[in-house]
Each structure stands twice: as C-alpha cells, then as structure tokens.
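Participant: Residues per chain are reported as follows:
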Amino acid sequence: MASYTLNVNNKKYTVHVLPDTPLLWVLRDELNLVGTKFGCGIAQCGACTVLFNDNPMRSCSFPVSGVGTNKVTTIEGLSEEGDHPVQQAWEEADVAQCGYCQAGQVMTAVALLKKNPSPTDADIDKAMTNICRCGTYARIRKAVHLAATKKGGKP
Amino acid sequence: MSNASLSRRHFLRVSTLAGGGMLLGFRLLANAGDGEAAAMMETAFAPNAYLSIDASGLVTLVAPNPEIGQGVKTAIPMLLAEELDIDWEKVVITQAALDAKAYGNQVAGGSGAIRSRFEPLRKAGATARALLVAAAAQTWNVPVEECTTENGFVLHKASGRKLGYGELASKAAALPVPTEVKLKEPKDYKLIGKRIHNVDNKKILTGKPLFGIDTRREGMFYVMVARPPAFGKKLVSFDDTDTRKIPGVKNVVRWNNIVAVLATSTWNAKKGRDALKLVWEDAGPLESTADHDAAFKKLIQEKSKEPGRNDGDVEASLGSNKKILESVYQVPILSHAPMEPINFFADVRDGKADLYGPTQVPGRVRTDVAKALGIPEENITVGIPRQGGGFGRKLMSDNAVEAAMISSIAKAPIQMLWTREDDMQGDFYRPNGMYRYKAALSDNELVAWHETAAALNSRRANAPDNFPAGAVANLRTDSHSLSSNIQTGPWRAPTHNVLAFTQESFMDEIAHALKKDPIALRLDMLDKAKNQPVGKLAYNIDKFKSVINLVADMSNWNGKLQPGEFKGFAAYFSFNTYVAEVAVVAIEKGQLRIKRVYAAVNCGQVVNLSGAENMVQGAMLDGLNHAWYSGITFDKGVAMQKNFNTYKFMRMKDSPPVVEVKFVETNEPPTGLGEPGLPPIAPAVCNAIFAATGKRIRSLPFDQDKSWQTPAAPAKSGLKKEPRG
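Quick mapping for you: the protein sequence lines, in order, are chains A and B.
Going by the working numbering, the first sequence opens with residue 4, and the numbers climb by one from there.
Going by the working numbering, the second sequence opens with residue 1079, and the numbers climb by one from there.
For reference, chain A alone in the conformation it holds in the complex:
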C-alpha cells in the first residue's frame, strides 16, 4: 500500500491504497464519490469517465499512481447545485432511462464542449463514444446540442 494525495473536485484527499488501484475504485471506495460508475473495467463503455484536467478520462483503467497533481473532476464536482449547463440540458431533454451511464455521458459531453463549444453531429459522433445500454443516444445528441446553446463548455 502507498499514500497518494489527490486533487479531486478542487479538494485535497490523501489515500492509502495499492499503487495499481484504478482511480475509479479510489473515487468510489475511498472517497465515497459513487457517481462515477463501473461498467466494464477495460475503458470500453465510458461509465467511469471523469475529467483529467479538461480531458475525458476512463478512470477504470488509470492507476492512482499516475494521477499526481493533475486535477480530477467527477460528476459530483461539476457544479455546486447540479445546474451546470450540461446537467440542465440533460434534465431538459429528459435523457435518462436507467440512468447508470449518464454521469459518464455528461462528463464526456462537458469535455467535448470545453474543446468545441458548438459541435456538429459529426463532432458528437466522434467524441461521444460511451455506451448507453438503454439506447438514449437520440436524446443524448439533443442534450449536447442544447448544452451548446447554454455555453456548456464554460465551467
């Protein structure tokens, strides 16, 4: 076991874990930030997506030993009141069915909009690679466009 000090949602946390522990399990089991979900463990589905600085990162396959002082943002840290433009857009489009993948979808969309404030359908196709097992893709697409009109890339 080793000690790591992490910057998650603008707070410092020190954890004692195995060095190869994926960031996902540190978030869920050590920090009790359970909004980031486990889906596949091999960076395929994207349910575990967090922001690593401003980039989308699949936390299930990234060891805690590699995090360093980089800034990690989870769904819990996206906004104080749950009113980030992307969260608002997801509510307005009533996207969720089971809802399990949506935190990862939202974080991926936030990262996309930070880089590209008004994405086209083709941009969305390329960036939004997370699996939604319920098949809410049509509403996710709508919500990303809606978030763009609300300046979803702005923090």
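Be aware that a few hints might be false.
Unchecked claim - So, partial list: chain A residues that the calculated Cβ filter (under 8 Å) puts toward chain B:
hint : residue
1    : 25
2    : 33
3    : 37
4    : 41
5    : 43
6    : 44
7    : 45
8    : 47
9    : 90
10   : 102
11   : 105
12   : 109
For the record, the hints were derived by calculation from the structure and aren't laboratory data.
The beta-carbon is built from N, C-alpha and C at its ideal position, and this holds for glycine as well.
Given chain A, put chain B in place with the hints provided.
Facilitator: Chain B alone, transformed into the frame defined by chain A:
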C-alpha cells in the same frame, strides 16, 4: 445539503433513504432533523399504503415496482397524483421496499407494471381525494357535490372558500374509507398522457448514491467471487495462500462452486480473487456453439410431437404448389449485460437477513434466500434500489442468494460485485436457435406457412396464434428444445425478439416473391384474417392495422426516398401491444448507415409520454444494437466474448439521427410497453438492407458477415434465389 456536512452515521442513514428512492422533496425530508422525517410519515393521513399527506400538506407517493430504467418510478406515482389532484412539482416519491401485503406483485417483468397498476392506483388516489373532499364538506357544512379539488386544495367555489389537503389530513384520516369511487374521465387528465420527466433525473445527474452498487454500510466488506470458468465445470479445491497476502483481504470463504474474497476495497478483493489457485473438474458436457448448430440443423427437419398450431394441411399444400420458398434463420446467444454489473448487499446474522440490491423480482429473492439460508421469509427484508438496467437478467435471484450465503458463512455484511467478465460467463442467456420456414404461394397469395423452430432450453419457441396465423389457410408451427447446461433465461421480449426477426424477414421474402409492397401485403392479409379468419387469433386486426397505417404515414412509405436510401418494414404484436416500424438505410463508402427509424405504437392509454417515447426509442436501439453487433459463442463451455471489446455495442456514431415514435391515440387501458418496441426493428433494418444490397440477412448479428456491405445491384422485386446469409 452536501454530504460533507453530514456526520458519517447521518450520511449512511440518508444514503439508505436516498438509495430507497427519495427524490422530489427529498431536501425537505433530508433537512428535517433526525427522526423528524420518520415522524412526518407516521403521523400523516395515509388511507392506503400508496400515499400519505402530512399536516404541512407534503404528499408522499409510493413507487411499488422495481425501477430498471422502464420509468415506472415516475409513471406509477403519476397515476396516484392524477386522481388525487395535487401539484406534481411538490410531491415526494419514495420507492417501496418489498412488502407483498401492502403492494401486491412488485415485479419488473412481462411489460406488466403499468398494466397491473393502472386501475388500482388511480382508485387509491381517488379514494384519498374523496376522503379529503368529505372532510372539507363536513368542515364547511356543504354537500360533497359542491366541492371540487385542484392542486392540493379542496374548493367550495360557491362561497369562495378553500382548504389545503394538509389542513384536512387529520379530519380525513378519521372518516370511513369509501368502497366505490369515481375515476376521472380521460378528457380531464392533467398528468396522464403528458410529458413528465424522470423523477430521479437530479440524483442521476449529480452522482448521488442511487443504485445497488452504490450501497455503503458500516463494517461492510467488498466481495469478489471466483466462479466456474466454464459451464460443466465444478470446483474441486482451492488454495488462498497468495490471496491472503494481499493487503486488505480479510477473509476467503467457499460456498458450493464459488470462492468469495472479502476485502476492504473492491480492487483489493479483485486482486485477491485473481490470486486464488483453483482446481476445477469436468462435471458435465462442455458444449460449443458448433455442437448446438449441428443439433439445430437436424431438429428443424423434424416435426415436434405436438404442433403449436395446425390449420388446414400444410404438407399437402407445400406438396401441390409450384412456388415454394424455404429459408433458414439463425440467432446467437445474447448476454443481457445491464450497464450496472451484477451486485447485491447482504447482511445475514442472528437468523435474519437484510438484503438490498438490483432485482426485478424482490419477492422471488426473499423466497429463494429463505430457502438457501433455511430461515423464515418473515426474517428477511429486501430493499429495492434504482437499477442500471434489467432486460430480464434480474428476473433471476442468483445474485441475492450468492450474496446472502457469503454473508452468512463469513458472518459479515458484504457487497458482492461481479466484473463484466463474470457477468458474460455467468449470465442466463437469451437462447440461440435456428428457424426453418417454408411457404407455398398460389394465385398471387400465401397459402401455406410452416415454421419449425429449434432453440436452447426452450419449451416453446413459437408464438403459434400470432400473425400470420389466421390469415393463412394452411399453417403449422413446430418447436424443439435443445437441452443444455448453458443456462438460459428471459431476455427483453423473450421468444418475440427472435420470432419478429425470423417471421418478418421471411414475410418480406414472400412480399418480394409475390411482387407486392410489404405493407400492402400485411394489410391484405389482415383483411383476409378479418373477413375469413382461419382458427383463433391472438391479436386484434383493427389495432394491428392502426399501427401499420400510422407508420406508413410517419415514414412517408409511399413517397420517394433520397437517392441511395432504401427502406424496410416490419410489424409485430407482443405483450398486448402493436408496433410497426420502418427503417431507412444507406450504404455509404461501404458502411451501413441507419438514417431514420420510425415506430408506430398502439399500447392503449400512454401514461407518461416522455417516458413512453424514451422507452420505445430505446427498445428500437436495443434491438438494432444486438441485431447488428452482439452475439456470444461458446467453446467447450466457455463464453468467447467476455467484455464490450468483443461483445460489441452500438455507439453514438451508429445511432440513427432520426428516431421517431408515435402512439395511436386511445383511452383504452394500457398494455405492455417495456418490451414491444424491440422485436420489429431487426427485421425492419434487415429488410431495408435487402432492398439496398439484394443480400438477405438470415443470421445475426449481421456485422459478422460484411459481404452485404459490398456494393451490389439493389434487389429487384420478384422471386430470386440468393445465397444464404
């Protein structure tokens, strides 16, 4: 209120409540002091188990059935709220735990939740409303008939007086409960049929603990389990020396053929599990997909002992007519792969069990765990979290039983979690199967239809009284089951998810052979079944036609497509619901593009339009996804697809840009909706691919054989022998 501001004990208490499903108004309850929330519930006016109103006017509505993404946690409370006449924005929704006495059949399965709750829960709401009205009428000393209700108030318009439900609650609680209540006329609905958002959106979008996997309890261990690497293997022995060296590993226990590792975090449990040295032995056949295929090939040439249906004389008709079509269709094993991997929390001690986790059948969980533990059912509580998908996987209780046994043996509260690889090797899969069709055509119509199905562990692989039964003079269905130790179970729209693909694809072959428009053929056949029905029908012809005509309008079926676009049609009846779908596809640079999909649905009264539309859109994408990409093959009992890198799922880029859903407007009672949208999409898309390429897809998933993507001349109408897919 942020989690950080709460003490750990308090946090756990509120989390549990949250996991149980509070959302709207949660803050009100959460902001109440310790014990206040419970007191508020206890002193409230609660004429039945489904709702309560406290003195402050706070209305709490209970969602009795498990929420697996099908929207019943929103739609069922809407039924109560409609008749109660309250402000939907101000209600608290709470998920019930298992309590069969209070809530009856708490199941998520068979597309039945709304069907079974529609009348009783509107009556429950109307009963409460009648009591509140009676209390107000007494207070004002006016006739009940002069009182009306609106948004949580009783009004006496003649005198301009009004009282809030909270003010009337204690008086209403003392009145006798009426035995008969009048329900609203559909024209007066304020909620039913409207677009209401998912009540858990806020929690979902802020990452609050909501799912079984999010359960955290004092003293709980995280558990990973080693289980047989193949169907047909059993555990001889294990060595946990290396496992116990891993930091955080606290215990290792065996139950039957599984070995559970208890640790202080998920990752340490997984490392411990992976470090186990396990010795397995063969305890049964180690089956492969190739064995199944060989057996299916034989079976589909044979008649079953009892036909599912036998109208006219199929053999004579097939023997005496010149135009005979014959095709064999095939479908693979599918995994359910709900996004939330299998898990369950169990705390078994002192002859009691506290269970909390994803299940579509909490009642079955209690029965099966009681049996496994050898304790009475009344000693078991089952909490029901929101669930990351079900699709039929959680109709099995294996996860709860395993967790309970591990907790019991280890004498500790545990949360068992499977990896995705565990899930894909340990599912109760959608059975694979082969389906042989023969048709005789005469005088420009279909005169004989013979379906011979063979599927894994399937008592009946047909739906014998479904269309085209009734519209064909000679019709026979035969069904064979191939027994296997590869465990199978219901998968969204069981049997129908296969039959729609095979039957509606073959029907498209018949339409081409008859040189008839596929929609016109269906409508002609339905007219024939209406005017001269052959035997009994399981379906209503007018309702069937209602969706076919609607989807033709929606998709502009008779209009012109853009150059390079091709269309396909399918319709199917399941769970008492009629669905017709159209897919428009194009092959662009060798890649299949699904441009637009349309669904017309007749499911009776729609309760929540937003949820219902989402459900049908999702069902179409679910069906498309699996038809396109997904399949499990077995090699000596081992699933060859272990995770989403090989068991592929559709992503945004493959998703049709247009996914349009319309419901036939009707006030008939609701029929099923969670499943019926799925079956028709695979044949609609495959029929469109045939139109585009001339290649008939007879084996799923269609991505496995990309030859259909090579540019070819589009199909011309007419009888045509093309190679098997």
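Participant: None of the hints should be skipped; say for each whether it holds.
Facilitator: Results of checking the hints against the structure:
Because the beta carbon of residue 25 (chain A) sits about 7 Å from the nearest beta carbon in chain B, less than 8 Å, this interface hint is met. Hint status for residue 33 (chain A): holds, given a least beta-carbon distance of 7 Å to chain B, under 8 Å. Checking residue 37 (chain A) against chain B: minimum C-beta separation of about 4 Å stays under 8 Å; hint holds. Evaluation of the residue 41 (chain A) hint against chain B yields a held restraint, the C-beta minimum of about 6 Å falling below 8 Å.
The closest approach between the C-beta of residue 43 (chain A) and any C-beta of chain B is roughly 5 Å, which is under the 8 Å cut-off, so the hint is satisfied. Here the hint on residue 44 (chain A) is kept, as its CB sits about 6 Å from the closest CB of chain B, short of 8 Å. Residue-level restraint check for residue 45 (chain A) holds (minimum Cβ-Cβ distance to chain B is 5 Å; threshold 8 Å). With its C-beta approaching chain B no nearer than about 4 Å, residue 47 (chain A) sits inside the 8 Å limit, and its interface hint holds.
With its C-beta approaching chain B no nearer than about 5 Å, residue 90 (chain A) sits inside the 8 Å limit, and its interface hint holds. The interface hint given for residue 102 (chain A) is met, as the beta carbon of that residue sits about 4 Å from the closest beta carbon of chain B, less than 8 Å. Because the smallest distance between the Cβ of residue 105 (chain A) and any Cβ of chain B comes to about 5 Å, under 8 Å, the interface hint for this residue holds. Restraint check, residue 109 (chain A) versus chain B: the minimum CB separation of about 6 Å is within 8 Å; hint holds.
Comparing the model with each earlier hint shows no violations; every hint is respected.
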